[in-house]
Amino acid sequence: MFYDDIELGTRLITLMAAAMLVVQFLMVGQRLLPTAIRLFSLQSLFLACLAGTVAYVNQARHVYIAAALTLLLKVIVMPLFLNRILERATEKAEVESHLNTPASILICGGLTLVGYMVAHPFIKPHERGHSTLAVATALFLMGFFLMMNRRKAISQVLGLLTAENGLFLAAISLTYGMPLIVELGIFFDVLIAVMIFGILVYRISEIFDSMDTNKFRRLRG
Amino acid sequence: MNSEAIVVFSFRVCLSAYLAGFASSIVFVRRERVANFFGFSCAGIGGLAGCAASLCALAYGATPTLAVWPFKMPLFTFTIHLDALACFFILVISLLTIAISIYSQGYVTQYYGIKNVSVLAAFFNLLVFCNTLVFCADNAAFFLITWEMMALVAYLLVSFEHEESRTRQAGFLFFAMSHIGTGCLILGFLLLFRATGNFDFLAFHFIGASLSPMERNAAFLLFLIGFGVKAGIIPLHIWLPEAHPVAPSNVSALMSGVLIKSGVYGLVRVLWDFMGTPPVWWGITILLVGSVSALLGVLYALVEHNLKRLLAFHSIENIGIILMGLGASLMFSSFHHPVLAALALMAGLYHTINHACFKALLFLGAGAVLRATKTKSMEELGGLIKKMPWTAFFFLLGSVAISGLPPLNGFVSEWLTYQALLQGFSTTERLVRLIFPIAGALLALTGALAAACFVKAVGISFLAMPRSPEAESAEEAPSSMLLGMLVLALACVMLGLFPSTFLPLLDPICQGLLGQAISARVIGGNGWMLTALGLEQGSISTLGMVSLFLALLPLPWVSWLLFSRKAPHSIGETWDCGLDRLTPQMEYTATAYSKPLRMIFRALYRPRRQVEADFEVSRYFTKSIRFETHIEPTFEKLIYEPLHRAILRVSQRLRWIQAGSLNTYLLYIFITLLLLLLWEKIR
Amino acid sequence: MKLWLAQVVLQLFLALGLSPFVSGFIRKLKAVLQNRRGPSLWQPYHDLFKWVRKGTVVSQQASWLFRATPYVSFLTALMVSLMVPMVTAVVPLSYFGGVLAVVYLLALARFFVALAALDTASAFGGMGSSREMTVSALAEPAMMLSIFTVALTAGSTNLSFMVQAALQHQERFLSPSHILALAAMFIVLIAETGRLPVDNPATHLELTMIHEAMILEYSGHYLALVEWGTALKQLVLMSLLVNIFFPVGIGGALTARTVTVGLIAYVVKLLLLACVVALVETSNAKLRLFRVPELLSIGFILAALALASSFIF
Amino acid sequence: MPLIFLLLAPLAEGLICLLLRSRLLMERVSIASAVINFVLAVIVARHVGRYQTMSVLNGFLFADAMSALVVLLTAFVALMCAFYAVSYLRADLEQARISSGRLKEYYTLTPLFVFAMFLVALANNLGVMWVAIEGTTLASVLLIAFYNQKPSLEAAWKYIIIGSIGISLALFGTLLTYYSAAHVVGIESIEGLNWSRLILEAQKLDPKAMRLAFIFILLGYGTKAGVAPMHTWKPDSYSEAPVPSAAILAAAVSNCALYGIMRFNVLTSRCLGPDFSGSLLLYFGIGSMLLAVPFILVQRSIRRLLAYSSIDHTGIMLVGLGIGSSLSSLGTLLHMVYHAISKPLLFFCAGNVQQKFQSAHFRRIGGGVINVMPVTGTLFLAVALAVTGTPPFCLFQSELTILSACFQNHNLWVGSIFVGCVVTIFAGFLYHIGQLNLGSPPRGVAPSESDWWRLGPMLLLAALVLLLGFWLPSPLYRLIQQAGQIIGSAP
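Residue numbers (the numbering used here), protein chains in the order written: chain A, 286 to 506; chain B, 3 to 685; chain C, 9 to 321; chain D, 96 to 586.
These are computed hints drawn from the structure, not numbers from a lab. Quick reminder that beta carbons are idealized off the backbone N, C-alpha and C, glycines included. Hints may be right or wrong, so weigh each one.
Stretch-level coverage of chain B by chain C, calculated; a stretch enters the list once three of its residues show a Cβ under 8 Å from a Cβ in chain C [as the list claims (entries may be wrong)]:
#1 419 to 433
#2 533 to 540
#3 549 to 558
#4 572 to 583
#5 597 to 604
With a straight-line cut-off of 30 Å between C-alpha atoms, the simulated DSBU-like cross-links for lysine-lysine are [what the hints assert, rightly or not]:
#6 Lys-36(C) <-> Lys-294(C)
#7 Lys-36(C) <-> Lys-62(C)
#8 Lys-597(B) <-> Lys-639(B)
#9 Lys-568(B) <-> Lys-378(B)
#10 Lys-639(B) <-> Lys-388(B)
#11 Lys-639(B) <-> Lys-389(B)
#12 Lys-451(D) <-> Lys-683(B)
#13 Lys-500(A) <-> Lys-303(D)
#14 Lys-568(B) <-> Lys-597(B)
#15 Lys-294(C) <-> Lys-568(B)
#16 Lys-62(C) <-> Lys-388(B)
#17 Lys-303(D) <-> Lys-683(B)
#18 Lys-451(D) <-> Lys-245(D)
#19 Lys-117(B) <-> Lys-376(B)
#20 Lys-389(B) <-> Lys-378(B)
#21 Lys-597(B) <-> Lys-294(C)
#22 Lys-378(B) <-> Lys-117(B)
#23 Lys-10(C) <-> Lys-36(C)
#24 Lys-378(B) <-> Lys-683(B)
#25 Lys-568(B) <-> Lys-36(C)
#26 Lys-639(B) <-> Lys-625(B)
#27 Lys-389(B) <-> Lys-683(B)
#28 Lys-389(B) <-> Lys-376(B)
#29 Lys-117(B) <-> Lys-451(D)
Covered, in the sense of this in silico footprint (three residues per stretch, anywhere, with C-beta under 8 Å from a C-beta of chain D), are these stretches of chain B [to be verified]:
#30 138 to 149
#31 186 to 194
#32 613 to 627
#33 643 to 652
#34 655 to 665
Next up, chain A with everything else stripped away, as it sits in the complex (with noise of 0.2 Å):
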């Protein structure tokens, strides 16, 4: 069928990453916990799908593995852990944000823009997948972006995985992955910090009664 025919696969890399970005903005713009949590997993799931397609058009053997991690790990694992600690954590599962909602959103705009103006020189028309890095960069930033926006430990934690997720994008679409072995130490970094966050977590939440870092003023000067 369309076997070697290039222009879908690129059409299906630019959907998915666009729709990444979709994501990317609704976790920026919702305040329930379990549903950013949901999003992160869809948007690993895009991610997924994208690394899958990406191996299939340039047969790219290792990208398959990554493509496999990532939806083992980021789709189905961290979700349920993140799930986990929510419920240990007696604490109500709103997401509490020193911007309110148009303004995060207006300024995750501006940051893609500026996804845009880094990758530029980059984009090569003629060599497939480039045109992602601008998402993948502007997913980084707002991935930033949201780390410092939010007040909940957890949601900082997923700030931070779909900064990931954007490093992961443009590894993929830069040079269809990084060495495999190089891969596999980033899964497995990502799944340690995961787990720590998991116990710095619970332990927060039994020593401080909230998870509010804004509270973490002990130290300062």
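Given the coordinates of chain A, assemble chains B, C and D onto it according to the supplied hints.
Chains B, C and D only, in chain A's frame:
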């Protein structure tokens, strides 16, 4: 065995003796008496060896170079070079070390059981060691190391009695200030380093010529500040009157005698040896700084009633006098009058060694008083000339010397300075020549005020009636202390009466720095006289004065024999205005003594006074009255305190950067990232 | 050599003999100007002789310093009087110390007298010594500067050479610089010799005394020495003034003629100066202590102007 | 071969400690393995010093002089801390600040921590290096949260959040480097990120990618090294972690991060010429030094004081890198070495004082430490002077070297600011440490010095701090020179 070998050998002995003193004191850290004996004896031996080495080097013109540490670092070599200048200053420090280490044997016994004497002895040796190295280090980096080590050890010694908060503050102030100075020195040397590419003093010789005028002047200012802090020139002096008094007196003697001279050494080394022919304004600057320091130093000393603080302020004054000589010398060399330059330099250096002797002597005397009466405040002293006659005599001698009165050494060097200044008048036709006689007049004023100040110091603390039970029960210092003072007293007399034997030692210095050996022209009347480069320009003979004095002594004596011997001679009360008897309360106090000058120089002192009196019947019958007067330390008030406060306030304000909010922290990173991306785009 | 010795001895006795006379002369003159008869011209000699024969009373608080001081001050003054030109420009001991040495030796004498004043534990002594040191300290720079003006033009601090130079360059005589310096020197003279309006030598009113307060405790032999020293000091300063600024009649070389002429001229000049001093003293009231600095600063300014005059006039 | 052992030893230790129960055994194991590590590190260093490089597993692990130096320093610091930790943790147990269960946590995590740092230095592949650096963060978070108090958890949270965002920046940088190399070495080859390969191709890399890459790397690894304004986690974690871990963080981890920056700096400056990266490094270096000043002047807690001082030192090293002359790189590496020996000592002294007085705040301690603990007090004073670059201690030499390089390359203003900062910081330190040490101690504090577990390493370090300023063992000096040639950015 040639002279060079002798010099090297005895110098090695000197250094190792100091180290041995340090080590032995550390070893016997629990056995104070042993540590005291070994530590200070080693210091004394080291001093002797140092004297031998430097005298030999100066006399026979040996200038050996030797390495004190076998290894090298990048940019560093640990070599020392005993040229004439170095040897002169080593002579000064060694001389003082001998006297002070004899003195200390007795002095430190007061600390037994209270403070750890071993530590004192150890650091004393270390201080002398570092200071000696400062004078002969042959590599800028090595110089800086020894320079800062010296400051460090001095800091530890100043903080020796650190239980009083005042002492701690003084120590901090001293070390912080001197570190600022060191910062300037580092920058200055780095400016020179740019031209040479290494730090060797040999390479720096006359390097100034190859710098751009801009850099050259910058270097000059940096060095002036850097060395000026250590020398205690006004307005960089604030640490000096704090640090010197709180240190143990033997240390104060060493600090006031030598440590601050390392600033002078540095200036001479850099400006004469490295900088080449200076622009005129350098000399003017130093001359002015010198005059101001001299005058203000003595003025502040006048209103000071803490004996050691008073002496500290006089150190500032004398540094000023030294700098007057140096400044004049610089001006002469920029007017291309090497001979006069040599004369002025000689005057400055001679005053350096003189001041070292009498200032150390005075500090030792003050130490003896402090040890006997446990108080530094002159208002509580008095009548000590009967309780401790020898100490009083030595102190009096030192006072005569420091007031620049004939026939002692202070007079000789001040006379040389006068001559240099007077001769300088004819070196140029420009208006700037007026500066010489004016400076001379200021020097005269300084001298006279110093005399007034020391009449006060001696008169109030040693003469008349004791003002406190402590002074009442004072006892003469032990013989070792007296011996130490005697050495310095003899030095003062010798330097005063036989300058013609000492001045030739300065020839190699002037020869090396200015290419002029002038002692032959300064010494006249086959050794009896000192001339201003020739009899017709003027001459003095301190020796002549003394002998004349002795020759004339019979006259009044004869008249005594002839007429008044048979008359009745009686001891009576001082006239007490008809009261039953004179009490110490009726004596003139130090405060009262300096009152006229305090009033006259009101503008400088801004004195505040408060009188609390309560009365019985009417305001004519005072039951008790309390009078208290303060003068305002102008420089601290106007410069340092505002600066200090401003810095702290700004720092406090800046603490909000670290306000504890994680989101803000992330924001910093984020903004930095965006800015950098932007920068990268527009770049 | 022999000549030199003779000169020394002669000048010694000249100074010793002349100094009380000058004070006596001024005192007498003042009296006359105030329509009093006043003491005889020889009164000072009588006083000295009286004191010498009288016994001494020494305070029990006093130390050896108190006893030593009169000798120091007297001998120093005597020494100095051998270093200044009096009759001829050939000063017997000019090489022992130039004008700087003169100033500093006088300072030495003052140093010890001021100490001795403190030694007796009497408040007057303290007051006197404090004031004396203050006034003299403030007089110092003016004195130096005015001397410098001469020394610089002569290119020497050796008094013989200074006089010689003054003799050679008559054209400098009464030049602006010369006059200014002279005025300054005169003010210094007033201050240093403790004359009105700075100090009143005649008073024993406690609160106005300066010099007298210092020597209040001295008596007999010691007092004689101190007073004579003071007189010598006054003579020295006056002869400095007259011989450096008016080298009239003073002989360059050492011959019988020059000596006789010089001697006459010297005495005449001294007496003239004494008259001026007496006039000033009678026509001025004593200044408050804190007004004295203003007077002296005027002296300083004048001297400075004298130096700068070559740039001004 | 020693390279592999070097990585295995700490791992093994970690596992063993995980299984052990008794405190004594754990202590012994940790010390034993620390010694082994150090010996191995020395072997590696000597070998590298002789033969320039060594590599195993067909170039997966690769050591040149630079990495050998870092490994050596890390192993040394770890050794010192191992000894110190024994008595420190015992004291904590006695004072019941921790439960005995926590000991296992410490003795398990520390070796993993060390392992990660070794891997940073030895990984040939820049991607793997990134993974390892992230590993150091992960291994140390729980150590910072060790005491499980509110402050320590807060510190840990800030540490991991800032750390991981920084590290992800670095990942982006690495990615871009990989991309810029892609057209040279080809995609999908494991060598695509190998240093040994990239350094050969450096001139051919894609410049615009490298520009971006370096910015990201600088921010990312700069965060880890504590460069202002990414330094904010530093004071918190340094003041809350147990002293040995804090010492490792300050003395070893920052070296690793700098090591990363150095590597990329070489690549960038070979690709773009020295100006780009050089100027960036200078700005950030000076910035960090300036930032440290006010916080040191008005600081209230010892540990935070030390943190700011290490920010200052990072700044100094960045300046040294930024100048980029051979002299300055020499100075930088000297500074790295000296800093790595002086910082632990500083932390140890602070730790002793803190445990003795039960507080790290100057106000609460009062003063008179030198009367209570003579040795600690003296060493504290000495090393405080040392880290502020006061002679005769060694850091003066390195700082002067950097300064000279600064002036040689006509960066007069940088040099002047440098000196200004150093002097002011000195004043601050002198004031605080003086207040702390001198004076008479508060009532109720009995004079007692700590045991030899602590004094041993402290005295050794003090001796080194004093000695190495005047004499570097020639093998070490040679190693430093080789490393200097490697990071000396001129091609």
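Hints, one by one, checked against the model:
1. 419 to 433: holds (count 6)
2. 533 to 540: It holds, with 5 qualifying residues against the three required.
3. 549 to 558: holds (count 6)
4. 572 to 583: With 7 residues in contact (Cβ-Cβ under 8 Å with chain C), the coverage given for the region 572 to 583 of chain B holds.
5. 597 to 604: holds (count 5)
6. Lys-36(C) <-> Lys-294(C): holds, 19 Å
7. Lys-36(C) <-> Lys-62(C): holds, 25 Å
8. Lys-597(B) <-> Lys-639(B): Holds, at roughly 22 Å.
9. Lys-568(B) <-> Lys-378(B): violated, 45 Å
10. Lys-639(B) <-> Lys-388(B): With a Cα-Cα distance of about 41 Å, the restraint between Lys-639(B) and Lys-388(B) is violated, given a limit of 30 Å.
11. Lys-639(B) <-> Lys-389(B): violated, 41 Å
12. Lys-451(D) <-> Lys-683(B): violated, 54 Å
13. Lys-500(A) <-> Lys-303(D): violated, 42 Å
14. Lys-568(B) <-> Lys-597(B): violated, 43 Å
15. Lys-294(C) <-> Lys-568(B): Violated - the C-alpha atoms of Lys-568(B) and Lys-294(C) are around 41 Å apart, more than 30 Å.
16. Lys-62(C) <-> Lys-388(B): holds, 28 Å
17. Lys-303(D) <-> Lys-683(B): holds, 10 Å
18. Lys-451(D) <-> Lys-245(D): holds, 22 Å
19. Lys-117(B) <-> Lys-376(B): holds, 16 Å
20. Lys-389(B) <-> Lys-378(B): holds, 17 Å
21. Lys-597(B) <-> Lys-294(C): Distance ~20 Å between Lys-597(B) and Lys-294(C) Cα, so the pair holds.
22. Lys-378(B) <-> Lys-117(B): holds, 19 Å
23. Lys-10(C) <-> Lys-36(C): violated, 39 Å
24. Lys-378(B) <-> Lys-683(B): The given pair, whose Cα atoms are some 70 Å apart, is violated under the 30 Å limit.
25. Lys-568(B) <-> Lys-36(C): violated, 33 Å
26. Lys-639(B) <-> Lys-625(B): violated, 36 Å
27. Lys-389(B) <-> Lys-683(B): violated, 86 Å
28. Lys-389(B) <-> Lys-376(B): holds, 15 Å
29. Lys-117(B) <-> Lys-451(D): With a Cα-Cα distance of about 24 Å, the restraint between Lys-117(B) and Lys-451(D) holds, given a limit of 30 Å.
30. 138 to 149: Our answer is that it holds, as 5 residues pass the Cβ test (under 8 Å) against chain D, meeting three.
31. 186 to 194: holds (count 4)
32. 613 to 627: Check failed, 0 qualifying residues.
33. 643 to 652: holds (count 3)
34. 655 to 665: As far as the region 655 to 665 of chain B goes, the hint holds, because 5 residues have Cβ atoms under 8 Å from chain D.
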